[in-house]
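Chemist: Here is how the chains run, residue by residue.
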Amino acid sequence: MSSSDHALADSAPAILREVSPAVLPRPALVENNRSFSWISDKICGIVEGKTPVWWWWCFAVACFIASFTVAGLIYLVSTGIGVWGHRNPVNWGWPIVNFVFWIGIGHAGTLISAILCLLRQKWRTSINRAAEAMTIFAVVCAGIFPVFHVGRVWYAWFLFPLPNSNYIWQNFRSPLEWDVFAVSTYGTVSVLFWYVGMIPDLATLRDRFAAAGRNMRARIYGFFAMGWRGSARAWSNYEMAYLILAGISTPLVLSVHTIVSFDFAVSLIPGWHTTIFPPYFVAGAIFSGFGMVLTLMLPLRAVYKLEDLITQYHIDCMCKITLATGSMVGYAYAMEFFIAWYGANPYEGFTFINRAFGPYAWAYWIMVSCNVITPQLFWFKSVRRNTTLVWVLSLFVNLGMWFERFVIICTSLTRDFLPSSWGYLSPTVVDIFTFFGTFGVFSVLFLLFIRFLPLMAAAELKAVTPQADPHAGDHHG
Amino acid sequence: MPEQPYGLIATFETTADLYRAAERVRIAGYRDWDCITPFPVHGLDKAMGQKRSIVPRFSLTGGITGFCTGMSLIWYTDAYDYRLTVGGKPFFSPLFAFPVSYELTILFTAFATIGGMFFLNGLSKLYHPVLKYENIRRGLDDLFFVVIEAADKRYDPAGTRAFLQEIGGKDIQELEA
Chain G
1 MSSSDHALAD SAPAILREVS PAVLPRPALV ENNRSFSWIS DKICGIVEGK TPVWWWWCFA
61 VACFIASFTV AGLIYLVSTG IGVWGHRNPV NWGWPIVNFV FWIGIGHAGT LISAILCLLR
121 QKWRTSINRA AEAMTIFAVV CAGIFPVFHV GRVWYAWFLF PLPNSNYIWQ NFRSPLEWDV
181 FAVSTYGTVS VLFWYVGMIP DLATLRDRFA AAGRNMRARI YGFFAMGWRG SARAWSNYEM
241 AYLILAGIST PLVLSVHTIV SFDFAVSLIP GWHTTIFPPY FVAGAIFSGF GMVLTLMLPL
301 RAVYKLEDLI TQYHIDCMCK ITLATGSMVG YAYAMEFFIA WYGANPYEGF TFINRAFGPY
361 AWAYWIMVSC NVITPQLFWF KSVRRNTTLV WVLSLFVNLG MWFERFVIIC TSLTRDFLPS
421 SWGYLSPTVV DIFTFFGTFG VFSVLFLLFI RFLPLMAAAE LKAVTPQADP HAGDHHG
Chain D
478 MPEQPYGLIA TFETTADLYR AAERVRIAGY RDWDCITPFP VHGLDKAMGQ KRSIVPRFSL
538 TGGITGFCTG MSLIWYTDAY DYRLTVGGKP FFSPLFAFPV SYELTILFTA FATIGGMFFL
598 NGLSKLYHPV LKYENIRRGL DDLFFVVIEA ADKRYDPAGT RAFLQEIGGK DIQELEA
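Here the protein sequences come in this chain order: G and D. The numbering of the first sequence is this note's numbering, which starts it at 1 and goes up by one. The numbering of the second sequence is this note's numbering, which starts it at 478 and goes up by one.
Don't read these hints as lab results, they were simulated from the structure. No residue lacks a Cβ here, since even glycine has one placed at the ideal position from N, Cα and C. Check each hint, because a few of them may be wrong.
The calculated lysine-lysine pairs, modelled on DSSO-like cross-linking and capped at a C-alpha distance of 27 Å, are [to be verified]:
id	chain 1	residue 1	chain 2	residue 2
1	G	42	G	305
2	D	630	D	566
3	G	122	G	320
4	D	528	G	122
5	G	50	G	320
6	G	50	G	305
7	G	122	G	50
8	G	42	D	609
9	D	602	G	122
Footprint (simulated), chain D over chain G, 3 or more residues, beta carbon under 8 Å [to be verified]:
id	segment
10	88-96
11	157-171
12	197-210
13	287-301
14	458-469
To give a feel for the contact side, a few chain D residues facing chain G, derived at Cβ under 7 Å [claimed, not checked]:
id	residue
15	515
16	518
17	546
18	562
19	572
This is chain G alone, in the form it adopts within the complex (with noise of 0.2 Å):
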């Protein structure tokens, strides 16, 4: 944007114009100066164009992972839960690892669509669709650990207070209860908030299709554009609708990870009965999130030509993201220690040096230097501009978050109260194909979403272009 766009208006301050202040250009938010339709054309073109060869290549080995999570869970339901690793001290593993790193990375979508919608951060534009995506799929790859957790998975529908023939309720003082709750409140307003975001780009392609004859497309998206026109009167609601669900989806991602976070913390074992379990939680999950945000996104860009639309601006905010809360994160650690001694409790003391020199001390210093050190990177800028480098920096923060809720759960319950019952978990083959599978799972939805549906929000897009404003450049207020 050149600084023409901040000249002085007529009515500043005389001292302003005498002193003529050095105007810090904003950074544009779509360059080169693209036009309305450029980005009509551009986000519509990658749904409406041919699939490309390499989608087809990986989608087939996303549904070859998928795979393993489905074959993992047939013989899991044939023949039983302890093909899992589960056995004393250690009954609620691998399963819960699981279920809390995928929760966590959906919390950076949410962050993305609800908090930065908040504090009016405009360069979320270009990537909230996809993040928001990303949560949702990060969900359905969370809900399968607790539901097949429960054992006869048939029963899974215990967990809603629906009356059953054992007339008893479900124990709503526990926080297993609160966490049904939480997440799937979570699962249900992600995509509310989602599809709604969608609907005028899906009207747009509805008429794209339209014109360009193919009817029954047309009319698929016409049924969930639900006859969206573009009526100013309608935007007004629309736009009131928007910020509601940003601002109810504010305080929905923080508790959902608060309420997981109650899952340990309201235990009395040693390492999770701590208070500051909930903050830390969340700094995590929105750290964790925006690794894989950065995961997704990056090659994305690159592979559709979307540099102009997710800028090395837009970059610079996601490291910056990711740096303040993975410090957050770093800081969570070093005070978790410090309250062990502090605290002067000889279990609580005991877990935390076991957790550093203990026998799974492998997987916190690789906790550690995943995500503590990585995210310091991100303060230099050559870093933050290496696109393949902050790629692959992205990969450790989702690896070391993974371990970080691998380290919790498993160093407090192999090394409980009693001796005699201390034990150590190894996860079985099966164990690992199944999160395995996870991955593929979420890949398919994600390559069926940016094949179908908008990955971009064209119109939220195109007004935070400059030719947008009504008022060209004349910030009033």
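Once you've looked at the hints, dock chain D against the given chain G.
Modeler: Using the frame of chain G, we list chain D on its own:
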């Protein structure tokens, strides 16, 4: 007898043109009219003289319903219908009932907000007279339209057409009802 048309539609190419035109239409005293834009134009609602959206009322109702549903559900199940002692905890306390009620508040608010928005916007409505206009698809792409309905008291085919021309509208067309 020729049917009464739905109204007149005029095209504008930039947001600034549309914004000025919208102010003029409002000042001229029209009531049944609308703009069609590919994205929410900043400040256009004020230029059109629209009141603040009443979607928040739906949201508030939804939220209160959700919170009460959560609290009463937990009271009914755990403290009334089937009392079960677990860990010596009370049968009902607003404290442990809070997380679930909180989530239900958000869930019901979301449904009420979206339902309210659809209701106020008259969606889903798969047909509307403006959709017959052959260029309408650019209203969701890169052009801006002003539509003045024939139902408006001030509408008069020739006068309104001249007015739209005067405020900078291009390609003015009559819309079939």
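Chemist: For each hint, tell me whether it holds in the structure or not.
Modeler: Going down the list of hints, with the structure as the test:
| no. | hint | in the structure |
| --- | --- | --- |
| 1 | G:42 to G:305 | holds (9 Å) |
| 2 | D:630 to D:566 | violated (68 Å) |
| 3 | G:122 to G:320 | holds (16 Å) |
| 4 | D:528 to G:122 | holds (25 Å) |
| 5 | G:50 to G:320 | violated (36 Å) |
| 6 | G:50 to G:305 | holds (16 Å) |
| 7 | G:122 to G:50 | violated (31 Å) |
| 8 | G:42 to D:609 | holds (26 Å) |
| 9 | D:602 to G:122 | violated (31 Å) |
| 10 | 88-96 | violated (count 0) |
| 11 | 157-171 | holds (count 6) |
| 12 | 197-210 | holds (count 6) |
| 13 | 287-301 | violated (count 0) |
| 14 | 458-469 | holds (count 7) |
| 15 | 515 | holds (6 Å) |
| 16 | 518 | holds (6 Å) |
| 17 | 546 | violated (11 Å) |
| 18 | 562 | violated (10 Å) |
| 19 | 572 | violated (10 Å) |
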